[in-house]
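Asks: Use the sequences and the hints to build the structure in full.
Chain residues, written in single-letter form:
Protein chains: 2
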Amino acid sequence: MEKFRLNILGCGSATCTTQHMQTSQVLDIRDNLFMIDCGEGTQLQMRRMRLKFARLNNIFISHLHGDHCFGLLGMLSTLALLGKTGTMTIHIFKEGADFFKNALDFFAYDMPFEVRFNIIPNAKALIYEDDAITVTTIPLSHRVPAVGFLFEEKPKKKHINREMTDFYNIPVYKLNGIRNGEDFITKDGNVIPNEVLTRPADPSVSYAYCSDTVYSKKVIETIKGVDWLYHESTYADDKYLTARKRGHSTAREAATAAMEAGAKHLILGHFSSQYHDNTRFRTEAMEVFPDVTLAKEGLVLELTK
Amino acid sequence: MEKFRLNILGCGSATCTTQHMQTSQVLDIRDNLFMIDCGEGTQLQMRRMRLKFARLNNIFISHLHGDHCFGLLGMLSTLALLGKTGTMTIHIFKEGADFFKNALDFFAYDMPFEVRFNIIPNAKALIYEDDAITVTTIPLSHRVPAVGFLFEEKPKKKHINREMTDFYNIPVYKLNGIRNGEDFITKDGNVIPNEVLTRPADPSVSYAYCSDTVYSKKVIETIKGVDWLYHESTYADDKYLTARKRGHSTAREAATAAMEAGAKHLILGHFSSQYHDNTRFRTEAMEVFPDVTLAKEGLVLELTK
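First to last, the protein sequences are chains A and B. Just so we're aligned: 139 in our numbering is position 139 of the first sequence, and the numbers increase by one with no gaps anywhere. Just so we're aligned: 52 in our numbering is position 52 of the second sequence, and the numbers increase by one with no gaps anywhere.
Any given hint could turn out to be false.
Copies of the same chain look alike in the list, so a pair counts if it works inside one copy or between any two.
To be verified - Derived DSSO-like pairs (lysine-lysine); straight-line CA-CA distance at most 30 Å:
1) K245 <-> K84
2) K224 <-> K245
3) K296 <-> K52
4) K245 <-> K52
5) K52 <-> K239
6) K84 <-> K296
7) K157 <-> K217
8) K245 <-> K101
9) K217 <-> K84
10) K296 <-> K224
In case anyone wonders, no lab produced these hints; they're calculated from the structure.
Replies: Below, the structure written as structure tokens:
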């Protein structure tokens with residue numbers, strides 16, 4: 001199975017505490033790192049979790065509240081000091097791109113790499129694609145414009161059944177085609193069906209990041225059938241009205257979203273500093289949805305089907 | 001003795017490590033907190049060291065490199081969330097004030113307190129004064145404009161000799177004058193000299209913060225006779241040329257500055273991430289100057305005469 005690993009760097013909300021760091025996650029997809037949000041202290045968490053700065057080429061910013069982006073300038077300046085080369089793409093709303101462009105100019109770092117801003121819309125759209133994955137924005141509903149990010153692995157190649165390809169003396173240069181589903185024709189003109197030569201591809205995995213947002217049908221539509229859902233749960237049942245007022249969700253609402261989306265696994269995070277013990281988030285969510293993990297700093301999850 | 005306490009929040013240099021946080025210090029002078037520099041993660045260090053946010057009303061920024069000011073936006077937004085009232089004064093170069101004013105507007109926090117920018121010159125000047133202290137900028141020599149800060153306690157009041165004031169039946173309303181040095185005249189017209197009624201005032205303490213800078217005669221002139229000197233020592237002897245090239249000092253140069261200034265105590269900090277063990281900084285400095293303390297995160301020093 002190819003690597004599709006979620007690293008939780010921070011899962012607290014805006015008020016700084018010693019219990020949680022501000023929001024940031026890193027998806028490690030086959031050794032390419034994709035950062036989602038970059039709160040203050042994110043570069044330090046990268047160090048603590050021994051994530052390789054050089055493998056980070058994309059940062060996705062969900063919205064322009066400080067606890068989701070105040071670590072960006074420090075991260076970029078550290079990358080400059082470390083001599084990063086190539087391109088860093090920051091996927092961000094236009095206003096954020098303007099602000100950070102200006103800030104980078106102001107602090108006048110000699111950037112040894114190019115910083116590219118990919119302007120994302122406040123709506124559902126494909127915003128990133130490579131050989132392995134696509135990333136689609138998820139319209140959220142918060143106090144300010146905000147989007148989540150749906151990471152989806154593309155269909156994978158089949159596994160070669162080495163015993164059979166050896167048996168038919170299939171040359172190496174044919175193997176890639178066979179992994180893509182081609183049949184093989186022998187010198188005698190016999191067709192060897194692809195199914196004989198391969199085992200099925202591994203399933204593709206999907207991950208949806210939804211923070212910050214109220215519980216929203218709009219969100220659920222976009223993430224139907226997702227394998228793993230990270231949904232914010234800033235509050236528990238006792239602060240239901242606060243959640244509503246401040247554009248956040250309760251753990252129960254996050255679980256409801258997971259259930260209605262047909263998600264397989266739910267991860268809760270963005271916990272308010274008002275809770276010293278987060279276990280009640282899990283308890284309340286599990287009354288609605290069975291598979292619930294509480295995010296915490298340093299948590300590493302292998303996202304399998 | 002009245003409180004004059006130095007808290008080290010971070011004493012690393014620009015590259016982020018798990019060993020040191022970026023630069024910030026808090027001077028606690030009679031329960032008023034004065035922050036010097038505010039690198040990324042400073043608000044978290046405030047929490048860890050249990051420093052009271054509500055008592056912080058002045059932040060001094062030495063220069064506009066990220067490792068000395070990237071924590072400012074997070075600090076101010078957390079203070080807003082905590083409902084701080086009154087005024088926060090940020091002592092900073094004009095360019096910094098312009099940048100942070102604009103950044104605060106952009107992130108559009110509903111600030112329940114006023115943020116006032118006190119523009120400081122890149123030269124020696126009195127920039128702050130209250131009943132207890134003065135703060136004077138110290139011209140430094142770095143790659144960009146930079147100043148240090150000299151905190152000096154004003155002369156303190158004398159201690160009342162209660163036995164004698166009782167003996168002469170001195171009314172309470174006279175005591176403040178006597179603490180300030182006045183004599184007392186009895187009903188019979190006898191002059192009781194102040195020395196009879198008081199014990200000497202506690203000595204006033206001074207503290208100089210010098211980071212980032214090369215070793216500089218200009219610095220030494222401004223801090224002559226200082227009690228406590230924090231002087232950066234980014235490098236040790238082995239990186240003497242790097243220090244020179246990058247506008248920093250070695251531990252030996254910091255100690256030379258302390259000796260030539262006639263300082264009583266030296267604190268070293270702003271250690272490069274290239275050193276995993278900082279003891280050699282102390283060893284090298286002590287070959288020049290006897291009283292050397294290595295800064296470290298969480299260190300609290302009572303600055304006495």
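Asks: Enumerate the violated hints, using their earlier numbering and listing them in ascending order.
Replies: 7 and 9
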